[in-house]
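**Student:** When you get a sec, could you build the whole thing from the sequences and use the hints?
Each chain is listed here by its residues.
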Amino acid sequence: MLEDLFKVVKARFNEETAGKSDDSGENVSIPQDLLFKCPRCGTVAYMEDFEKNRRVCASCNYHARLKWQDRLNMTADADSFTEFDSGMTSKNPIDFPDYEKKIREMQQKCDIKDAVITGECHIHGYRCCIGIMDSNFMMASMGSVVGEKITRLFEYATEQKLPVILFTASGGARMQEGIVALMQMAKTSGAIARHSQAGQLYITVLTDPTTGGVNASFASLGDIIIAEPKVLVGFAGRRVIQDTIRQQLPDDFQTAEFMLENGFADMIVERTMMRRTLARIMKLHNYEKERPTAQAQK
Amino acid sequence: MNKLTATERRALIHHKNRPTVSDYIPVIFNNFLELHGDRHFGDDHAIIGGIATLNSVPVTILAQVKGRNIEENKRTNFSMPHPEGYRKALRLAKEAEKFHRPVICLVDTPGAFCGIEAEKRGQGEAIARNLMEFMTLRTPVVSVILGEGGSGGALALAVCDELAMLENALYSIISPRGFASILWKDPGREKEACELMKITAEDLLSFGVCDKIISEAAGGAQNDMKLTASNIGEYLSEAISRISKTDIDIMLENRYNKFRKIGMFEE
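As you go down the protein sequences, you meet chains W and A in turn. Heads up: the first sequence begins at 0 in numbering that gives the first Met the number 0, then just goes up one per residue. Heads up: the second sequence begins at 0 in numbering that gives the first Met the number 0, then just goes up one per residue.
Because the hints were derived from the structure by calculation, they are not lab data. No residue lacks a Cβ here, since even glycine has one placed at the ideal position from N, Cα and C.
Computed beta-carbon distance windows for the label pairs:
| no. | chain 1 | residue 1 | chain 2 | residue 2 | range |
| --- | --- | --- | --- | --- | --- |
| 1 | W | 247 | A | 31 | 41 to 51 Å |
| 2 | A | 31 | W | 72 | 55 to 65 Å |
| 3 | A | 256 | W | 284 | 23 to 33 Å |
| 4 | W | 96 | A | 201 | 14 to 24 Å |
| 5 | A | 256 | W | 59 | 45 to 55 Å |
| 6 | A | 244 | W | 72 | 48 to 58 Å |
| 7 | A | 56 | W | 289 | 48 to 58 Å |
With the C-beta cut set under 8 Å, the calculated list includes, among others, these residues of chain W facing chain A:
| no. | residue |
| --- | --- |
| 8 | 175 |
| 9 | 178 |
| 10 | 196 |
| 11 | 233 |
| 12 | 243 |
**Tutor:** What follows is the structure, given as structure tokens:
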């Protein structure tokens, strides 16, 4: 579903922008490190301005994908994060050719062992468990490592009576790990059930894109579900649906706004408001502030 | 007996005379009372549910329904459930829990339906909710994969105390065609994918996903539906009576650990 999704999203963006910005049919190539072209509205901005704006499109408010480091820095209080299970790395359950090699390449590229980083931190002084998925790592697909790290995070949070905040992003279950990847959906959902039965709070933050087996497991199970503006959220890939039903899909299909409209998200929250919103929700659930409010890392 | 390849088994489960739940239920169970609807949106014909007796013991049955002809398939959407199908299953599972009645899930689906309406009504949420709720359901749950166990659409009825598979049944993360299309950009390599993916009952036994393989009639279930049905019935009676004797908290701990231990990683 992951590579597939890449293509779908790309194709969709190209479709959307084709008529608007490039009537001549000529392909204007954009230097990737200098300029940002919004995949939603096609607006081009200086990369520096875009980065300063926390990777949010100034024109249409699309909240673009973040590296895990940036997400962590803009979410956690400075120097408050402790990482869990940092060395965990996947085996090759179905002996998929070159899977180990692919994993090694990704590990070097993303400076992380698999698609999620987990740990505990403070946000505005509130202690919580946090998990951040990084779509740069194999489209943040869920295999053994993502499943195990998230399960352990919930088990730890249950024991320590802590809330859990997950920033989800994923193309779905990781095909290369076969049925073992599918089972991670049940495993993580089981750990969430126990955390929930223990009366603890779970906040999901849906980021771009949250789809497939992750959408059909832990991303849909938050007590409170927040989405970033304009992100892609859904179960099946757009092309799969189009091929099944053979009709054009509405433009806002499978966006954060679509989820809100149909009752599957509680609210849409801008990046600049995220820390304060998370802290406010923890406060309203009677968690105690353990430290004075601190600045974010960045 | 020569072992069949995954591709050969796939041909068997797609055989036009492969028995479906509509064949099995009247043979394995008595007094089936069908119950309809998810109480929110509608009644999905891709999943039927109800109460029946198995050796005079009342059980709740949740079953994905493949059609035996085009008319039936139109009605059951080729056994591809919408969210309301999963929600009906959960409603009936909760009803079973209330009355301490074991739940039997009969799985046979290419996958959850992919479409606009399914997305609007929260296909992902419906599946996720079932995974979470079945994990803590305080009554025995036994699932049997009869033919196709297609991805999350199958898993939503397969969080259970014990999972059995018919000898030729397959259980996979995606169809071999989808697998080949995504990972190799070449749907034509589906046969190769089918062999590589490790999706037969024996493979799944080795992963600890499947707990028991139920024999089919020689040459496949289509050759003797009654014999295959009797094998399924025998297994279900034994499993239900064994699991029902376990203390519920221990049973739930075992169910959690069944899934908890699946994963292949190093640290």
